[in-house]
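Start from the sequences and build out the full structure, keeping to the hints where you can.
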Amino acid sequence: MLALRFRLLRPLHSSCCNFKRNLTHKNLLELSERGFFQSIFPDTAAPKLKELFERSAQTIYAGFDPTADSLHVGNLLVIMGLLHCQRAGHKPIALVGGATGLIGDPSGRKTERNQLGESVLDANLQAIERQLRKVFKNHEDCLWDTRKNRSPLAPLTIVNNAEWYANLNLIDFVANMGRHFRMGSMLSRSSVQSRLESEDGMSFTEFTYQIFQAYDWLHLLRKHNCCFQMGGSDQMGNLMTGHELISRVERNREVFGMTLPIVTNEEGDKFGKSAGNAWRSS
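Here the numbering used here runs 12 ahead of the position in the sequence shown, where the first position is 1.
There are no misleading hints in this set.
Pairs of lysine to aspartate or glutamate, DMTMM-like flavour, derived with a Cα cap of 25 angstroms:
id	residue 1	residue 2
1	K235	E66
2	K235	E141
3	K235	E63
Across the chosen pairs, the derived CB separations fall in these ranges:
id	residue 1	residue 2	range
4	S131	T217	17 to 25 angstroms
5	E45	T158	22 to 30 angstroms
6	T56	R142	37 to 45 angstroms
7	P59	N126	39 to 47 angstroms
Since the hints were derived computationally from the structure, they do not count as laboratory data. This one's a predicted model, so the numbers in the text were calculated from it and none came from an experiment. Backbone N, C-alpha and C fix where the C-beta goes; we use that ideal spot for every residue, glycine too.
Structure, rendered in structure tokens:
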């Protein structure tokens, strides 16, 4: 585990040692060339992304569902991705899923999650937000020195998607947003296909998860000008659903997805909350 941690943190440590390059060069595609990002979506976006990253500060978000009371090693690469974005002069957003945590992301799962009670969900939300703030503060305090000709880092913004779903009318949401989703595309996602072929199948609740994650991105685009979403490679289907929604609703806007490799154990199984894991709080 210590060796794994060192290998994962080495790119961040190396960039600390060459801060002039990071301060003057906002092009995160360099990380893709080094294998940090597994894929960029759409595939043809690379030339445009270089221009966007170097022209102005971009807003990039990643989501963290509060299905446990701690971050874990499976979140590590996504957090590092947000830190690299912040170091390059961009604006990081961490979305904690107070709403989507009640639904449960089926990506990479063989069975449906148990529903969380309200008190458990609230405790998990507070714990994850506290840990995220601590990680980013430790990074700024220990690895970012503004005295060495560096600009201050853009602050981490943490949002809870329960805030915008609390006042949404169900009928209005289905009528206004539902028409922009296509069943063929939603059914084709690997997270859906693998579950439909399993003995337990998939509930309607889990099937709708991609709709809500897509709407999260649309909301952040409208409110925070967030054109980028980052996640593990198992999130590609959800990223594509969000991209399709925005391309239909905001036809003059372009958005992009960035995926990172999944952290796995020696057997190749994903580190997750329900599998054997190393917890941030331990």
